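Asker: Sequence:
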Amino acid sequence: PPAKPLIAAVEGYALAGGFELALACDLIVAAHNASFGLPEVKRGLVPGSGGMLRLPRRLPYHVAMEALLTGDMIAAKRAHELGLVNDLVEPGTALEAALKLAEKIAANGPLAVRTVKQIVTESQDWRSDDMFALQNPRMAHIFSSEDAKEGATAFAEKRPPVWKGR
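Going letter by letter, the sequence shown gives residues 63 to 228 in my numbering.
Hints listed in this document are in silico derivations from the structure and should not be mistaken for laboratory results.
Bear in mind the structure is a predicted one, so any value in this text is a computation, not a measurement.
There's no promise every hint is true.
Said to hold, decoys possible - Dumping the calculated SDA-like pairs for lysine to any residue here, alpha-carbon to alpha-carbon at most 25 Å:
no., residue 1, residue 2
1, K66, L157
2, K220, G171
3, K179, N148
4, K162, P63
5, K66, A86
6, K66, N198
With these hints in hand, go ahead and build the complete structure from the sequences.
Answerer: As structure tokens, then:
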């Protein structure tokens, strides 16, 4: 997976491959008029670009199965209620809202952002007994990084941090 967070901006219909692309992203911003769906079963097909694999990881199992087995669409409001969509916005503003979210993320320490994404992505299949043993070596470098020192110094000096990515 990409090291940097991916944000989908959805306006209107995100069906089949369009929905599968959104599911491949870390965050989804959608307009109120957006609809999501994997209608392939209605044509005797199956979603072949990750929809069957990712949807059950993003929604409760039974909700994902209903969407996959019926091919019905999920309205943006419902997708937001289920936690699939991070932010609901007015039609025509999804890209702008996604860019604002990206700016908010980009204002944080780049090493920390990349490490959070790496650990969250990789840990999906970790056993409970192994989680901390696998997490700790992946994050140890953060605490001794220049960015960590800069974050603490900037906080103490009540100023915005200047990240170096080291």
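Asker: When the hints from earlier in the document are held up against this structure, which numbers fail?
Answerer: none
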